[in-house]
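K.L.:
What follows is the residue order along each chain.
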Amino acid sequence: MSEHQIKFYQTGTFTVGNRLLDPSQRSGQANIERFNSLNSGHRACQGCGEALGARYTVDAAMKATDGNLIAANATGCLEVFSTPYPETSWQLPWFHSLFGNTAAVGTGMAAAMRVKAKKNGGPLVRVLAQGGDGGTTDIGFGCLSGMFERNDDVLYVCYDNEGYMNTGVQRSSATPPAVRTATTQIVGSHPGNAFGQGKEVPLIAMAHGIPYVATASIADLRDLERKVKKAMTFHGARYIHVLVPCPLGWGAASKDTVKLARLAQESGLFPVFEAEYGEITNVTKIRKLAPVEDYMKLQKRYAHLFGPKADQSALIRIKAIAERNIRRFGLLGDERSEPMPPAVQADERADRL
Amino acid sequence: MLKQIQGSQGVAQAIALCRPEVICAYPISPQTHIVEALGALTGSGKLEDCEFINVESEFAAMSVAIGSSVAGARSYTATASQGLLFMAEAVYNASGLGLPIVMTVASRSIGAPINIWNDHSDSLSQRDSGWLQIFAEDNQEAVDMHIQAFKIAEELSIPIMVCMDGFVLTHAYERMDIPTQEQVDAYLPPYDPRQKLDVNHPVSIGAMVGPEAFTEVRYLFHHHTIEALQAIEKASEDFEKAFGRKSGGLLSPYKIEGADTIVLALGSVIGTIKDTIDEMEKEGKKVGLIGIKSYRPFPDKQLAELLKGAKKVVVIDRALQVGIGGVVTDDVIRATRKMDLDIFSVIAGLGGRPITKKGLKDVFNKAMNGELEELYFLDLDKEVVEKQLKREKEDRHTGPLAEAVVRDSVSIHKGGI
Numbered sequence: 000m001s002e003h004q005i006k007f008y009q010t011g012t013f014t015v016g017n018r019l020l021d022p023s024q025r026s027g028q029a030n031i032e033r034f035n036s037l038n039s040g041h042r043a044c045q046g047c048g049e050a051l052g053a054r055y056t057v058d059a060a061m062k063a064t065d066g067n068l069i070a071a072n073a074t075g076c077l078e079v080f081s082t083p084y085p086e087t088s089w090q091l092p093w094f095h096s097l098f099g100n101t102a103a104v105g106t107g108m109a110a111a112m113r114v115k116a117k118k119n120g121g122p123l124v125r126v127l128a129q130g131g132d133g134g135t136t137d138i139g140f141g142c143l144s145g146m147f148e149r150n151d152d153v154l155y156v157c158y159d160n161e162g163y164m165n166t167g168v169q170r171s172s173a174t175p176p177a178v179r180t181a182t183t184q185i186v187g188s189h190p191g192n193a194f195g196q197g198k199e200v201p202l203i204a205m206a207h208g209i210p211y212v213a214t215a216s217i218a219d220l221r222d223l224e225r226k227v228k229k230a231m232t233f234h235g236a237r238y239i240h241v242l243v244p245c246p247l248g249w250g251a252a253s254k255d256t257v258k259l260a261r262l263a264q265e266s267g268l269f270p271v272f273e274a275e276y277g278e279i280t281n282v283t284k285i286r287k288l289a290p291v292e293d294y295m296k297l298q299k300r301y302a303h304l305f306g307p308k309a310d311q312s313a314l315i316r317i318k319a320i321a322e323r324n325i326r327r328f329g330l331l332g333d334e335r336s337e338p339m340p341p342a343v344q345a346d347e348r349a350d351r352l
Numbered sequence: 000m001l002k003q004i005q006g007s008q009g010v011a012q013a014i015a016l017c018r019p020e021v022i023c024a025y026p027i028s029p030q031t032h033i034v035e036a037l038g039a040l041t042g043s044g045k046l047e048d049c050e051f052i053n054v055e056s057e058f059a060a061m062s063v064a065i066g067s068s069v070a071g072a073r074s075y076t077a078t079a080s081q082g083l084l085f086m087a088e089a090v091y092n093a094s095g096l097g098l099p100i101v102m103t104v105a106s107r108s109i110g111a112p113i114n115i116w117n118d119h120s121d122s123l124s125q126r127d128s129g130w131l132q133i134f135a136e137d138n139q140e141a142v143d144m145h146i147q148a149f150k151i152a153e154e155l156s157i158p159i160m161v162c163m164d165g166f167v168l169t170h171a172y173e174r175m176d177i178p179t180q181e182q183v184d185a186y187l188p189p190y191d192p193r194q195k196l197d198v199n200h201p202v203s204i205g206a207m208v209g210p211e212a213f214t215e216v217r218y219l220f221h222h223h224t225i226e227a228l229q230a231i232e233k234a235s236e237d238f239e240k241a242f243g244r245k246s247g248g249l250l251s252p253y254k255i256e257g258a259d260t261i262v263l264a265l266g267s268v269i270g271t272i273k274d275t276i277d278e279m280e281k282e283g284k285k286v287g288l289i290g291i292k293s294y295r296p297f298p299d300k301q302l303a304e305l306l307k308g309a310k311k312v313v314v315i316d317r318a319l320q321v322g323i324g325g326v327v328t329d330d331v332i333r334a335t336r337k338m339d340l341d342i343f344s345v346i347a348g349l350g351g352r353p354i355t356k357k358g359l360k361d362v363f364n365k366a367m368n369g370e371l372e373e374l375y376f377l378d379l380d381k382e383v384v385e386k387q388l389k390r391e392k393e394d395r396h397t398g399p400l401a402e403a404v405v406r407d408s409v410s411i412h413k414g415g416i
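Chains U and R supply the protein sequences, listed in that same order.
Every letter in the first sequence is one number past the one before it in numbering that gives the first Met the number 0, and letter 210, counting from 1, is 209.
Every letter in the second sequence is one number past the one before it in numbering that gives the first Met the number 0, and letter 165, counting from 1, is 164.
Since the hints were derived computationally from the structure, they do not count as laboratory data.
Be a bit skeptical, because a hint or two may be false.
[Said to hold, decoys possible] Subject to a maximum C-alpha distance of 30 Å in a straight line, what follows is the list of computed DSBU-like cross-link-like pairs (lysine-lysine):
#1 R/LYS2 with R/LYS45
#2 R/LYS381 with R/LYS337
#3 R/LYS45 with U/LYS117
#4 R/LYS45 with U/LYS118
#5 R/LYS311 with R/LYS245
#6 U/LYS115 with U/LYS62
#7 R/LYS300 with R/LYS284
#8 R/LYS45 with U/LYS115
#9 R/LYS365 with R/LYS273
Owing to the predicted nature of the structure, the values given are computational and were not obtained by experimental measurement.
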């Protein structure tokens, strides 16, 4: 990729800068040539991480395919806020079928486009399938795994806000431990979501041996764009897992969405990496290690872990998760990633704490 | 060209002649031979420009078909029984979206208890799914109906299930006239979708519709489905002109002139009923038959018209609405509600139990003599049933019902296990 190797960070916020770069390498937020595939006027909440992530993902994919792109979308926030008909924000051919079948729909779309390109000539139209964590890691997981193992030519992007936000903030298999949701309430001896549950879909995707897997953060949109472009250089199944903070579901201020995404990565709780054919090829290093508390204290879903009555053991376990990620993915300094780190839940399940 | 082949082979060859562009396959008996044959046809290159995709479930099969259909490709899959239920959410989605997918249902019972044999529980469970449902009487008709199905579905933008009896048809070797590619090409034009995902004309498909328009969307769906009555008839008429034989259509009457008692049935049992009627005719007993070829839409008016001279109607129902009776019987009652008819619901052939001429003759005689119950279970083993009912009265912990019934059935009729 032709991305500038030196990154310019803004003082104080650690936001990745743009203005010092050559214009050809800038992200072009307000560029007149931008596709604006997810156009303004949609009904996402203020500070929605998913809207931001989707806007950059789809535009990057459109750019990479010169507009020869069609999208399948799972039921969920992104689908609902973008298409309250007769209004639609989508400027590309966009299709919503069900909650749990988006990867399979993508497979069908890609198959159709392959046949059409063969029969009629012209460029091969590529397929983007996208959904939230519920539609990806839970109800859509069977179809996702099927699409992966067949190596169908689909880029699947999961916008992970760590819960079923569209239905009112319930727990998904992407919800972190101790988190308060409507179905993991602050009651009983172990309030919030259980430890030792959940799944790491990027690692599971890697275990399918598919051409490209990446995690990304909306705190580094240029990295997200680069990964989408890179994904489109491969044919076959590709998976990008983007952490998208949800002000509503996380109990956070709208202004803190990007900050939260950055702190998730800088604390070690959300490792940002790339993998090709099942092996990790690149890890985004933590520039300034942030305490997990800095990340958690901005969110009401963790509020019960702080204050005089807080369960200290839960906080200790969360710190341990961050430390394990840092060690296994080699997130600090010159450390190297393990080739295939085990899921963070492994130690919890083995009770090796 | 005349061929002596298995029903599934015939259907696969018919599908291939329709030039599908995407086929998704997931195995479930008794449908599997169809997709196996199609896999061989695509793999060998005999079926060109077609993607054959082995998916991980029936839910994925229908979802892949939804994706390929909305992208403008002629799409086909096949299923049965549990598979049809497993894909049910996507079945409703495909019809709601107006995607003209063609699907074979190799009709089979639904568990529990698990049973792989033929009845109509699976297809009839999806009667309200918004799919058109046509039922083949024999393998020739199954072949012909599949060719007609693409034409009907694509004209109306409504998906269609071609229901053929599992094993009885799918696994039977029969003589079939398989048309030539030229004949099918002349009959079935390339798919020209009413809607599709097109980068040159980007649209959003599958948006949320609220109370302001949902009723109108559903009404139009109803309207188009009623229109299918004409489309199904026309497809059958055009087929007859092009191929020289009658197949499909809405209803198929047999010896109904002057018959007070008329039998209604779907699927392969029609053949046995015809034989029974012929034999009874020789005994001087006049019974008529109307084969129901189109179950959805149900030809209410056409059926009422054909039943004008009848006094008694016997519906051979191969699916049970538990606690109510026959499924098709309800449709017949609705279609004839303004007529003065005695309607009998005969539950027959569940889970592959053979429907014999002897059993049918007994039922028809009873109907004519005024001895038939309104709801009658053909060949029900009352001894086994009574034994289990008695056991349940005497003991709370009788254990699993199905296993007890099988055990009793074997011990009573075969002298024990």
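K.L.:
List, from low to high, the hint numbers that the structure doesn't satisfy.
P.N.:
Hint check: 2 fails alone, others pass.
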